[in-house]
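Protein chains: 4
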Amino acid sequence: MVGGGRGAFIGAVHRTAAAIDGEIDLVCGAFSSTAEKSKASGEDLMIAPDRCYGDFKEMIQKEKRRKDRIDAVSIVTPNHMHFAPAKMALENGFHVICDKPVTFTLSEARKLKDLVEKTGLTFALTHNYTGYPMVKQARHLVKSGVLGKIRKVVVEYPQGWLAFLEEKRGYKQAEWRTDPKRSGIAGAVGDIGTHAENLAEYITGLKITEMCADVSTFVEGRLLDDDANILLHFDSGAKGILHCSQISNGDENNLYIRVYGELGSVHWGQLEPNTLIHKSQEFQHIYRPSVGNLCPEAKANIRLPSGHPEGYLEAFANIYRNFARTVRKRINGETPTEIELDFPTIDDGIRGMQFVETVIASGKSNSKWVKFKS
Amino acid sequence: MVGGGRGAFIGAVHRTAAAIDGEIDLVCGAFSSTAEKSKASGEDLMIAPDRCYGDFKEMIQKEKRRKDRIDAVSIVTPNHMHFAPAKMALENGFHVICDKPVTFTLSEARKLKDLVEKTGLTFALTHNYTGYPMVKQARHLVKSGVLGKIRKVVVEYPQGWLAFLEEKRGYKQAEWRTDPKRSGIAGAVGDIGTHAENLAEYITGLKITEMCADVSTFVEGRLLDDDANILLHFDSGAKGILHCSQISNGDENNLYIRVYGELGSVHWGQLEPNTLIHKSQEFQHIYRPSVGNLCPEAKANIRLPSGHPEGYLEAFANIYRNFARTVRKRINGETPTEIELDFPTIDDGIRGMQFVETVIASGKSNSKWVKFKS
Amino acid sequence: MVGGGRGAFIGAVHRTAAAIDGEIDLVCGAFSSTAEKSKASGEDLMIAPDRCYGDFKEMIQKEKRRKDRIDAVSIVTPNHMHFAPAKMALENGFHVICDKPVTFTLSEARKLKDLVEKTGLTFALTHNYTGYPMVKQARHLVKSGVLGKIRKVVVEYPQGWLAFLEEKRGYKQAEWRTDPKRSGIAGAVGDIGTHAENLAEYITGLKITEMCADVSTFVEGRLLDDDANILLHFDSGAKGILHCSQISNGDENNLYIRVYGELGSVHWGQLEPNTLIHKSQEFQHIYRPSVGNLCPEAKANIRLPSGHPEGYLEAFANIYRNFARTVRKRINGETPTEIELDFPTIDDGIRGMQFVETVIASGKSNSKWVKFKS
Amino acid sequence: MVGGGRGAFIGAVHRTAAAIDGEIDLVCGAFSSTAEKSKASGEDLMIAPDRCYGDFKEMIQKEKRRKDRIDAVSIVTPNHMHFAPAKMALENGFHVICDKPVTFTLSEARKLKDLVEKTGLTFALTHNYTGYPMVKQARHLVKSGVLGKIRKVVVEYPQGWLAFLEEKRGYKQAEWRTDPKRSGIAGAVGDIGTHAENLAEYITGLKITEMCADVSTFVEGRLLDDDANILLHFDSGAKGILHCSQISNGDENNLYIRVYGELGSVHWGQLEPNTLIHKSQEFQHIYRPSVGNLCPEAKANIRLPSGHPEGYLEAFANIYRNFARTVRKRINGETPTEIELDFPTIDDGIRGMQFVETVIASGKSNSKWVKFKS
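Protein chains in written order, with our numbering: chain A, 1 to 374; chain B, 1 to 374; chain C, 1 to 374; chain D, 1 to 374.
As the list makes no split between identical chains, a pair holds if one copy fits it or if it spans any two.
In silico DSS-like pairs for lysine-lysine, Cα to Cα no more than 25 Å straight-line:
| hint | residue 1 | residue 2 |
| --- | --- | --- |
| 1 | K111 | K373 |
| 2 | K373 | K207 |
| 3 | K57 | K181 |
| 4 | K149 | K168 |
| 5 | K368 | K207 |
| 6 | K299 | K172 |
| 7 | K364 | K207 |
| 8 | K39 | K329 |
| 9 | K67 | K57 |
| 10 | K57 | K118 |
Hints listed in this document are in silico derivations from the structure and should not be mistaken for laboratory results.
Only chain A is shown next, with the shape it has when bound in the complex (with noise of 0.2 Å):
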């Protein structure tokens, strides 16, 4: 793992997903910025000392030439630290599982595309969001045609924890991620948009082609966007709005999805994931883990019985579950399944770092409608 000190929110969030299925097992770190801050952070980790690197480079050097050395690198530092680690990974034999946005820019982001071809290594991005199993169960129900051709999507993203400028309260979470330095170009639309905007394309098999966005920073003194409305058209013809906010103040987390096809829509929410519904003018149903008979996606990825509610922690352990078995399958020269490659790739990672470049370029454009970056 690269990243993930103590304090880290992110970092306890990639290693509890990891634990979950106990497919997966931690073993060594450069887990701070300095060899000391790390072996702390590891020794809570009951990490081998001396498996607790003083940055990534060691790291990777050092395992590399260990006999029992890991597999797959889990990088987890901000932003702009994800680019370099993930190269040299790559280019010593090592799969990766990154944090999103993928890197700083969007040629940081191909860069790895061509390594990640080149080599044949896995690289996987943890849009967590697409590891809910009712997120997999919309999938499918686009995918199979009950909804019709796809006419209309509402993606939302509203947080409310940036209300207050918190950057400068000593919120270590909130201080890097407004900061254009650690950041990128983008604040809320890059931390949240891109998750929705990877959610709406997962679930429709769509992409984005056009855009009109109103990005907004509203609270005084911030560096970066915390506030965006954007109009979307879709390749298919298909329209959308996708807005995402830190600063609507009362909102927990509320990733929400709606998708409108000729025949029907269906309605998922994160904060009750366990739950989808798929309506028409006929019916209503609810979906629900467990309940009934789901699609093997769905199926594959809940781990129990119906009314006993995984939430966050499972979905991301979900991706990191098909991760780690696709990884397992490829050392074994073996091929994965279609369930088992159901990851975000370094492909979501270019199509969210586009996104978040668009996203900017048409906040600050006079034109009505800006193409979706390629």
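Following the hints, complete the assembly by docking chains B, C and D onto the known chain A.
Below, chains B, C and D without anything else, positioned relative to chain A:
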């Protein structure tokens, strides 16, 4: 009553709304396009045959001469037939309550406003959704300052009943609403978008100043828009999204609004109109009719103890009741209270027509932002 | 109308319910205990002064002699004053619609039943909750067999409005409902327990045969029960639970029922009366008014398109409308349809009184099971 | 770990729960009834082959002699095989965490209690539903007095998975749970009724003193109860209802509790475990993890920021984590905090066994009230 003959939907709603509180008597009408049909409809309603008129002109002329003449005229015809009867009623000294949108064009609406001002008569517009007590409580919370300065408004009105070409299947409600000759330049935007606009401005007290609209007709063969996604700017600097749709298959009549201020937000939807959520980083609170201490405007518009759900007709009736009480006070030379005056007026009608014209103009424009027409 | 003077709650509900559909005209009444008060109340309601009577006897005698005499009498007095006016109305040829519980004692109810049978007149009891269209759909699902044999019924009716000694704080509604002289032997059990019992038997078509009741008075100084927890056995072998309470502080008017059959279950609650859930191991389905294909009994009791919420008053109005149509048909010598006859009758009234007497008896008994009184 | 071999449900849950926080390592086990099967299961779990034992006796004896011996034993076998390994583990100095119900009979439970007291070892029982943070907040609200004196408790646990005779269809989970030889004298009452009882006593701090139970077996051919409806009396004078069912077709795992005090009530359900409602006549408030200021016990059991749903496994993990921290403190000679000690103990186990025996006795009795066995 002008309009509302057999088979009309909104005419029946108006009649029930007027009847609920026993403060209004329906005693005459020009219910249909011919005297014969009008009499037939009047008979169903137990109206004296000599007061079932062939058209609104006859009605206004004859009623004017009666000693027991009516006090007010209710206009429930399709959009293109609002202006003439409203004008004539006002010119002949009758108060008017009229279905929305107020007229066929903005310029007609302006003429009515002049007449209302000149005559001093009462003109109510049935933007019925503002009649819900929890909407009034939401407005109160905004006004009271507990939300702080408003930053963002998300208002949406998805319906699914026009997902197919109903206007060619003999569905009367669909026919006139999608017919430019009877509905005007807009379909969904005029029919329901105006409700969303009115609700947003009612609750927040803000005015839309410019917008960017993506207006669509999804159903082949349809003559007017059936979907619109709109970015909004408000006079205070607040931003927003308004989307309305009649092709959102599976959605019923899902008017929903969220208003985010610096300090918190309110969330209200018409499908569960007796629940208002007030949330912040610190708490989540539910307001319900007759629970705890609501604002006087909310209380005045509730008829029942807590847990006895009131719905669409009761909210509609609130518009009628406040209108009736205002008219009665004015007839008696008294001054209506603010609570009695709490119904939409000709000014809301003009805003609505401006909204329609701006959305349609923006939809056709390549400019990102189009100023709110005035 | 007998009762329902100024300040009465249920009288106003009855009047609105009767007015909603424009099929019933309120033209006379004995609204209060003195002629003077009755006239004052009548004036509020725009009733001709000569038809505001001093008491029900005067009303029935004088109306009987009028050419434009009323067809039916509505009785909305406290429980102890139902029997006398109902009896006299029936004896003098008037149809009767009466608030519940039908009488003060079971023996009075039996006498009314004899009279109804002898006279052939129509007698309706306002167990209004059976007026909701989704309740009718639930009954239809049970009857149609899709739930299989019914195994278990859980029906509950918690309210919180009597959590304190309101009857000593000048709350008129609380006073008579907790006064044995006006309410009879039961408080919450009679006031709301009977609604729960009626709803359970209406939906399932089953009859309670024996019960085990734990009846409590939690508020010190109260003269009647304010809470009851009851185990039920039904004639088919089904089992159940009924609990009702007026001290469930925080609950509004939360009548809720669940009916479990071998093959699935239905779930309905009065707070969101437009949603009926039908669930099994295989699926979870939502029924909503005007969505898809409902049973004829449900459809006939809906006034609005989907997504336009109807509430308590509309359900109440359904009882009135069916009663009015039945009466009209019978006056005209026609035969009412099953849908028109779908309102509670004197038989429901007798079941209700038997229920009350059995609960109170069981509450005092040391035997586990007490047979349903008959 | 004792039990939890291939195909076991609850064993996998325990393992995940133990793994989530990275504070517990599973290093050995007697997973199945034969050494061979045990090794196979251990291999799946990456357990060293020499620590996969043939039975619990071998495990305890051999582990005892190791220098790197385990600290604690987790027992996840069917009910009839809890006592022997628990006893032996305690006698040999191992802490124990055990699935519920604690033993096969009440007398066995008593013996364990004696051993726990004698040895001073830690014994945890996985009544996992008390691990939810919102349950802890509910308990806090009761304790703090904001609800006033508790009057009524309604706790219910309906499931539908045994609506058919699954035990004859090769469903392993159903087989042992409905087999008197492995489950004891009760089916649903022991399996889930004990969770309901434990939850009610945990939140309220009250003790059941007597009850009246209606215990049923609805599915023909089943050997144990599959449904129970129970009236409760508590030591404080509060009354209550507990019902549990495994034939409530359509219900998933719907543990739900309502606690009504003089001043207000709390409402919590396991299907949406991150929402706690606190209501009174004056307000309705929602508590959610990481929103606002929760009690320390709730906070300590939350891992994620607001809006990141935690579910069943996380609640289960809270029992494991608190147990592990208590054990670690005690091994280090430190004193665990109250928050670390917040897990169910042998005393809860004894209450549970008493509950089972009382319910079954009451179900067979003709007396209305049966005293809680002690």
